[in-house]
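Turn these sequences into a full structure, and let the hints steer you where they fit.
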Amino acid sequence: MLYIRSLAFNFVFYLNLIVQMIVWTPYYFLSPRDRAWFVPKFWSRTSMWLYKIIGATESEIAGTENLPEGSFILAPKHQSFWDTIAFFPYLKDPLYILKRELTWIPFFGWYVMKMRMIPVDRGSRSKALKAVIAATKAELARNPRQLIIYPEGTRRAPGDEPAYKYGIVELYSQLGVPVVPVAHIAGLYWPRRKFLRFPGTIKARFLPPIPPGLDREEFMRRLIGETEAACDEFLIEAAKSDNAPPLPPTAVRRLAELGVAAKG
6 MLYIRSLAFN FVFYLNLIVQ MIVWTPYYFL SPRDRAWFVP KFWSRTSMWL
56 YKIIGATESE IAGTENLPEG SFILAPKHQS FWDTIAFFPY LKDPLYILKR
106 ELTWIPFFGW YVMKMRMIPV DRGSRSKALK AVIAATKAEL ARNPRQLIIY
156 PEGTRRAPGD EPAYKYGIVE LYSQLGVPVV PVAHIAGLYW PRRKFLRFPG
206 TIKARFLPPI PPGLDREEFM RRLIGETEAA CDEFLIEAAK SDNAPPLPPT
256 AVRRLAELGV AAKG
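In this note's numbering, the protein residues as written are 6 to 269.
Any given hint could be a false lead.
[Unchecked claim] Restraint ranges, calculated between C-beta atoms of paired labels, are given here:
no., residue 1, residue 2, range
1, A266, L55, 31 to 39 Å
2, R258, T30, 45 to 53 Å
3, A67, T255, 35 to 43 Å
4, P37, A136, 22 to 30 Å
5, P204, T255, 19 to 27 Å
Treat the hints as calculated values from the structure; they're not laboratory data. For each residue, glycine too, the CB sits at the ideal point set by N, CA and C.
Below, the structure written as structure tokens:
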């Protein structure tokens, strides 16, 4: 049943994406940008609904009271494709930094550029970071927007050792806006690089914002400490649940470090 359900969800998930991109194209490209946001946010909500109905996986996102008004940086834990689509319906005008090659994809790239996302060229990291900061400053001066950036860069397995990159520190220092960490354990249910989708409840939380103006070391200490502590809570809760998903070795090891025995 797990394989059938996973196959069905994966098929319907991508079908939903393709159909909606085609059906909504006239409305999306003829509407002002603030109205056009309805389309990707509607797609995200329908995707989460399909995940619940077909994949038997709930998505519970708490802490919306911690989202400030105006511009801020949203800094989610990155474990799954789930965390790339689940959060932006909660933001008024989200802003992504993405590889320039993605903007060359028909339909998808056109949708991305309509929303004035920030494409970045591969190459020198220092040059790319300077270009990103300059482009982001220009966007935030133009409109209050919410920059979504994954502090660890690439997806990591649940319970894996934290590997936060320097880029988030530089953005925090240069932009002068709050940073909202986001904790979750979605990688247990929608694993990276895997076909299966495990049933259960993905819990996520917008944590209290870290105010601007802290020194770099203090900021990084708070970002890592608060995010990882909340992720540990979710991991323990998931591992102890009656319908616990399969735990990867990284999660089992982290639970052992926390003094919690994994089931099975």
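Hints, verified against the model:
Separated by about 35 Å at the C-beta atoms, A266 and L55 satisfy the suggested range of 31 to 39 Å. Look at R258 against T30: about 47 Å separates their beta carbons, and that is inside 45 to 53 Å. The beta-carbon spacing between A67 and T255, approximately 24 Å, falls outside the hinted interval of 35 to 43 Å. About 27 Å separates the C-beta atoms of P37 and A136, a value consistent with the hinted range of 22 to 30 Å.
Taking the beta carbon of each, P204 and T255 are about 21 Å apart, inside 19 to 27 Å as hinted.
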